[in-house]
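S.K.: For reference, the chains in residue letters:
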Amino acid sequence: ETPPNMLVIANRIDDIKTFDPAESFEFAGADVSRNVYEKLVNFDPLDLDAGFQPELAESWEVSEDGTTITFTMAEGHVFASGNPVTAQDAAFSLQRAVKLDKTPSFILTQFGFTPDNAEETIKAVDDKTLVITLDQKYAVSFVLNCLAATIGGIVDMATVMENETDGDMGSAWLRTNTAGSGPYKVVDWKPDESVLMDLNPNYGGDKPAMERVIVQHIQESATQRLQLERGDIDIARNLSPEDIASVKETDGLKVVDELKGRLMYWSANQKKDMLSDPKVLEALKWSVDYQGMADSFLNGQYTVHQAFLPLTFLGALTEKPFTYDMDKARAALAESDHPDCGPIVISVRDAQDRIDIAQSLQNTWGQLGCDVTLTVGTGAQTLDRYRAREHDIYLGAWGPDYPDPNTNAGTFAVNPDNSDESGNTGYLAWRNAWDIPEMTQEALAAVVENDTDTRAGMYIDLQKTHQQVSPFGIMFQQIEQHAMQDSVENFISGGATTAASYWVVTK
Amino acid sequence: MTAIDLNDLSVWFGLGAERVDAVKSATFSVATGESFGLVGESGSGKSTVLRAIAGLIDSWSGDMSVAGEPLGRSRKRDFYKQVQMVFQDPYASLHPRHTVDRVLGEVLKLHGFSDINSRIDRLLDDVGLGKGFRFRYPHQLSGGQRQRVAIARALAPEPRILLLDEPTSALDVSVQAEILNLLSDLRAKRRLTYLMVSHDLGVIGHMCDRIAVMQHGRIVELLDVAQMRTLNAAHPYTQHLLDSSVRAIRQDRP
Amino acid sequence: MSQDNAPAPYARRSRFAPRWPRKLLGTLLTIAVTLLGLLFVTFMIGRVIPIDPVLAVIGERATQAQYDAVFLELGLDKPLLQQFLIYVNDVLHGDFGRSIRTGQLVSEDIKRVFPATLELATLGTLIGVFIGVPLGVLAAVYRDSWIDQLARLVGLVGYSMPIFWMGLVGLLVFYGILGWVEGPGRLGVFYQGIVPERTGLLLVDALIAGDWTVFKDAFSHIVLPASLLGYFSLAYISRMTRSFMLEQLSAEYITTARVKGLSEWDVVWRHAFRNIRIQLVTVIALAYANLLEGSVLTEIIFAWPGIGQYITTSLLANDMNSVLGGTVVIGSIFVGLNIFSDLLYRFFDPRAK
Amino acid sequence: MTQTSLRAWLLTDAPQSRRQATAAAWYSGWLKLRGNTLAMLGLIVLVVVILAALCAPLLATQSPFAQDLGARLLAPGEQGHVFGTDSLGRDIWSRLVYGARISLYIVALVAVVAPLLGLIIGTVAGYAGGVLDVVLMRFTDIFLAFPRLILALAFVAALGAGIENAVLAISLTAWPPYARIARAETLTIRNSDFIHAIKLQGAGPIRIIMRHVWPLCISSLVIRVTLDMAGIILTAAGLGFLGLGAQPPSPEWGAMVSEGRKYILDYWWVATIPGLAIFTISLAFNLLGDGLRDVLDPKEAGK
Amino acid sequence: MTDTMTNLLDIENLRVRFPTRQGHFDAVRGISFSLRRERLGIVGESGSGKSMTGRAILKLIRKPGQITADRMQMGGTNLLTASERQMRQIRGRHASMIMQDPKFSLNPVMSVGQQITEALLAHEKISRRDAKTRAIEMLDAVAIRGPDRVMDLYPHEVSGGMGQRIMIAMMLIPDPEILIADEPTSALDVSVQLQVLEILDKLVTDRGMGLIFISHDLNLVSNFCDRILIMYAGRVVEVCQAGRLHEAQHPYTRGLLNSVPDLEHPRPRLDVLKRDPAWAEAPSVSALT
Ligand SMILES: Nc1ncnc2c1ncn2[C@@H]1O[C@H](COP(=O)(O)OP(=O)(O)OP(=O)(O)O)[C@@H](O)[C@H]1O
Ligand SMILES: Nc1ncnc2c1ncn2[C@@H]1O[C@H](COP(=O)(O)OP(=O)(O)OP(=O)(O)O)[C@@H](O)[C@H]1O
Ligand SMILES: [Mg+2]
Ligand SMILES: [Mg+2]
Ligand code: NI
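Chains as they are written, first to last, in the numbering used here: chain E, 4 to 510; chain B, 7 to 260; chain F, -18 to 334; chain X, 71 to 373; chain P, 56 to 344.
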């Protein structure tokens, strides 16, 4: 049994590279960051559907032209070091993220911030006021959603600069240390082993019930389940469907489902002649055993979903036009220029659920008469090929980068320049050599639409077209199934929009 | 004419502090058709002399010539048509996985003979092994039989000179007699020259015309077989050697 | 057979220096050459692999500009040889670079993960030795009897089992069902951070601190994976012990010992066993080295944060700094163990002098 | 020829022809092996596995690739699946027999490549001595000091996943011990009288190495290789476990265990049955290797 | 001395049998002999079963081999029924054996001193110190110079002759009544050979020990021993007094004698032994007294 004031979680956390919000871009890292750093605006774990709420900023105002946002800082937020949170800290944190220009910086720089102009565009007028200047008008929800992402975490300027080495703005120090105002602070991190968090004594909110949180890295589902059954852990986050099924049967344990933002899709390289044939794509989309997979080896962990915005996102499309229908598939293939269906290679990385999906695709596409082979590689290998546009079919997963529809629209449906030279590897459309000038325009238009309903409608239309014509076969949206002791309440892993929150957990 | 002529031959092993001088300026010559014996205590360098002549050791100085031809560092195949060697231990001198047939066949092929089949039969006959032994493996042969195969192998290239390194010391007296007789017969038949090592003075006395006595790598004395029989030696070591091999063992015998 | 485990013959000595410094010099030179070769091969593999090291750093979402920046930062624009020389120079200064994957200095990472493996492998080897050696000796003494057959079967089972499968089953049975041992990881969560870290070996640290509850918990965690690894090396050690012992027991001096009227125990242990000690050390060193490098799968299953898992995960993430660092460490240990057993050989065997 | 006379013909101490000599040598080895019950057990198991692999299409009750998501994870015996079905509803028995082909293929390939490489390097180093020996042995040491699975992983990562590459990678990591053995063996052989004897016929080094040294090294290599077979399958399985061995949906045994490990707690047979198969075949190889040690070891044969 | 007439050892119908794949093989086939305080020589060609006879007396035949006999009596003990425990008491204490080759018969990793004192410590309650003193005395007795130094040497550091003498010292230190010497000199140089024989000779005369001397060298045995058994194919074909060896009757013995080349009496050809299958079948000649 675990002590009542301590939360022990088993999870796969070997992807953590750093806790620095300016650099952190991994799932397990985001979980830590969310509990350590507060943001200007944030999501309430107990009411995620309400969207972003004031946190460090108690209010904000948008200028007439929509390019300037003025935040007023809230009282009572104090860093773990004891320093109060000021607008200077907020400005510093955001400037820092822009200047360091690490991988996730695009979330901010898409608003026109650059390392050169950051000091002007992100500015603390006084301790309480922060002014942000955008390069053009954007939907406010878009901007604030982005600030609620991990990169929007506000760090303690004084502490960070004390630990600066070689002008790195404390980034070496922040890899392994935290300086936030959130409910917890990281006490110890052993990569591939565990993260240990204790209460931030200066946390301004209600004192969390869990005074200590330990996240252990446990790779195997079976191992996690054994630990759960023996009461050595409170929550197991990576159980397989079979293990979940058994946990459901076990007294004293329960399973909580939560819809996540991750999509499972396949995509066809449009440089390949056969795969750029719309009828072939249609045939392939019809010959996927969506429900069969979702009911068997993906049972409970993925739900069938066929649009690029995950459910719970603004403008998510719920329609699922494709089913497993071999007749329609054969008909479509017959109409295409490739009625015999040539050889297809599916690139898939070495994760068991993806390999299972790939084998199922291989099986059902095989029934169409296609000669399908799989190449399994490490994550880096398959990704390398994907970015070089050398794949046939890539079987992949995509998670939203920030809680705004543009995150997926901007990659599935935007391709500003399809030339090889442009190297626009950030866009999935580009990686599949899918040239879509019009759709790109439509997607970009949605970004500046300030009326939320209109904006949602634009995305729905976009997805409907996308579903039919795109070389993307979006199949599933992930459901995370957390198995836990019966006594554990309020564990929310963040749904599709954000990460796990430990401070509301009780047991 | 001399078959083997050694002049100031020194042989050593190893370098620097580990250097062992196995043979120190040995000088002697063996006439064609002669049977020459080499005796001495264990480790005195007898085998080393033979191996140096056969070209199995590189580190030597001095002059060696065989049948008038001076020997260089490396030996040509022609040399081995002249000189062959029979080793001490018949159990170690045959390849454990080769049949007699293969052993002899390979040698004949190497020397470019064409009528291999008939030659093998003839060789086996010569050493007193019938055709029945042709396809046996060494482990199917007794020590004496193995030594015969080794002799057959040495005879295969039809050499003029045989180097014999204790050819019978691993064998029983009764088998030894057979091998010694065989060697005598072959020498008579083929007019071979023998250079033979043994520590058994009886064997040397039986086989050889002249002997050289070695001690600590040096040749301390050369004498002929008659001198040996009469225990007529100049060097004290030779005297001691001769003494001990004929002296009665128990002084208190009534 | 012992040939494959015979200590490596080390480089020929130069002719000038006096004896023992020359020997030392030769040994050092050999280590240096071997390690350099090791570095070179690892480095080349890292560069030849058709995976982009930059991608490993920046991940899927990065832009081309970020890509280029990292490309320059990693020094990938320089010629291969120059990259290698820079790397060797760094290594000589104890700098293995920073791990892309964990974001920490590789040397720090290794300092953390290596003791875990060391602890596991040491205990595993001890188990292997303390059961395997007597088993091998028994099998040899009672050659062809049922004891021999049983020992052979037990040994071969250990040799043949897929260790990852046995690991899962062992965990299920001893942890899941019977609850005899603690589960995965090195230490229960409540015990973490109680004893100060001195050696990194939890058992030792707990002993130093005199904290028995921590010791018990750590031991309860390690006992299952260590037994599995021990069983695996037991197989090898007992087979080798048996064949060494057979060789010795048929030696003539054993009969001599019997003629003296010595007891069977003395004959076996004082005489025969004494003669295989040195060969055995070589074998044990090899088994030990194998456990140090080869327990990747066990480490994964038991969530053991060791060096095997570290290198493998890093390799899969194309984190070449970590792979290189880990390989150099393991390689050095391998070479070190080799030399150690060689020295032991020279020291203990009167014939080797 | 009647049975008894055939036996006598084979048992003869005085063979009359090359053919008889070879046959008799094999027969006596066979007799020795037959006397070793455990080794025979190993042999029989192997023969059965080989036959099963050859006759896979006859033995398999259905296609090893046929998926049936409605009938997944069935227990052994259910709905006519002898060993049950896996997570995609494929028949485990059918996959097992087809998988035997792959596992045997891996073993055969590695068993040819690695020892050959080791044999060449080891004998050349041992026979040549001097600088070449030092260089080659340093080279061997480097590879020996390499963490094996890591090296294999690196090769596979470099070459791409797949069974041929896995085999190649395993071979490339497996040769150093063989080279060591071959070298040690060569060192003892190279100064023996029968090598001197053939040198005295003017034979060159290549001939000596290939025709005289190799045959003697091969026996200790064969012994070692059979003992290593288990290790080879397990390494291949280990690569499969890490997703780098045989590519799905190929029914390679290691990959099957790896796929099934997710289900081990509730559907134990999915991983256990291929696990037992690996265990059985490696045990068989080990038992046979242990027996072959007695048959082939020239030291024993000499007595 | 009166007790030179009592038998130290009586062996009747001794057989040593090894199971092989083609049935079983008898290395020793029903030989009988007794030993008094004398030098008993055993000669015969290689493989005739000499060593097996020696080992059988101490029941040192290795595993698959079996010993059977009608009677094996050593002093008061019946060896046939003696347990392994009793045999350990007998070995070394009452009967000892010198092995053929010192190079292989001494433990290479134990010092000479350790190996010698061990024999003593196994049989007597004696302090290590005293054992050491006794060992040094013994080494001195077998004419080893600087015995203190030799105690600390390892077998590879001593020459063959010294090794053989160390063996002798080791086997004699518990003061056995019977000593079996298996070809104690065949590995030695002629000169060293003489020294070793002198020591053995002194032991028999001075201590009244019974010696079984195994060799294949007929001349040597005839010069050295009192009585000789000639073995062929596991049987004793002839027994004779040493002095009368040259009068031996059996064709095998004669053959052996004639096949030895003799420095003093040269012959153009050596006689070759013609083996008669009947020799192997004839019953063993008894050498009981
Ligand atoms: N390969 C070698 N390396 C180093 N030393 C050697 C080698 N071969 C022989 N020796 C040494 O050379 C010396 C002479 O050896 P050799 O074999 O010629 O003696 P031998 O007279 O034939 O003795 P034996 O009668 O025992 O055969 C010995 O001291 C021996 O140790
Ligand atoms: N373990 C065994 N199995 C089968 N036969 C054996 C075994 N040990 C010895 N022999 C046989 O027993 C016979 C007698 O051997 P023994 O050693 O007594 O001969 P020996 O007279 O001492 O010969 P040598 O003079 O060569 O020492 C030999 O033919 C030998 O092959
Ligand atoms: Mg010699
Ligand atoms: Mg003998
Ligand atoms: Ni070995």
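No wet-lab data here; the hints were simulated from the structure. Every residue, glycine too, gets a C-beta built ideally from N, C-alpha and C. Honestly, I wouldn't trust all of these hints.
[Claimed, not checked] Derived DEER-like restraints, expressed as beta-carbon distance ranges:
(1) S75(X) to P332(P): 22 to 30 Å
(2) T33(B) to W246(F): 39 to 47 Å
(3) M7(B) to D281(P): 36 to 44 Å
[Stated by the list, open to error] With a cut-off of at most 35 Å between alpha-carbon atoms, the simulated DSBU-like pairs for lysine-lysine come out as follows:
(4) K158(P) to K257(P)
(5) K137(B) to K87(B)
(6) K30(B) to K187(P)
(7) K269(X) to K118(P)
(8) K197(F) to K193(E)
(9) K102(E) to K59(F)
(10) K197(F) to K257(E)
(11) K82(B) to K102(X)
(12) K274(E) to K197(F)
(13) K269(X) to K102(X)
(14) K467(E) to K331(E)
(15) K467(E) to K193(E)
(16) K137(B) to K115(B)
S.K.: What's the verdict on K82(B) and K102(X), does the C-alpha distance respect the 35 Å limit or exceed it?
M.R.: violated, 44 Å
S.K.: Taking 39 to 47 Å as the stated bounds, is the beta-carbon spacing between T33(B) and W246(F) within them?
M.R.: violated, 59 Å
S.K.: Taking 35 Å as the top limit, are the C-alpha atoms of K467(E) and K331(E) close enough?
M.R.: At roughly 19 Å apart (the allowed maximum being 35 Å), K331(E) and K467(E) satisfy the hint.
S.K.: For K274(E) and K197(F), compute the direct alpha-carbon distance and say whether it is at most 35 Å.
M.R.: violated, 62 Å
S.K.: Could one say that the CB atoms of S75(X) and P332(P) fall in the range 22 to 30 Å?
M.R.: holds, 24 Å
S.K.: Next pair to validate is K30(B) with K187(P); report whether the Cα-Cα distance is within 35 Å.
M.R.: Roughly 43 Å separates the two Cα atoms, so the pair is violated.
S.K.: Verify the proposed pairing of K467(E) with K193(E), using a straight-line Cα cut of 35 Å.
M.R.: Measuring from Cα to Cα gives roughly 46 Å; hence the hint is violated.
S.K.: Within a Cα-Cα threshold of 35 Å, do K158(P) and K257(P) meet the stated pairing?
M.R.: holds, 24 Å
S.K.: Assuming the hint says 36 to 44 Å, is it satisfied by the Cβ distance from M7(B) to D281(P) or not?
M.R.: violated, 55 Å
S.K.: Tell me if the straight-line CA distance from K102(E) to K59(F) falls inside 35 Å.
M.R.: Measuring from Cα to Cα gives roughly 26 Å; hence the hint holds.
S.K.: Measure nothing beyond the straight line between the CA atoms of K137(B) and K115(B); if it is 35 Å or shorter, mark the hint as holding.
M.R.: holds, 19 Å
S.K.: For the pair supplied as a hint, K269(X) and K102(X), is the alpha-carbon distance within the 35 Å limit?
M.R.: holds, 34 Å
The structure does not agree with the numbered hints 2, 3, 6, 7, 11, 12, 15 stated previously, though it agrees with the rest.
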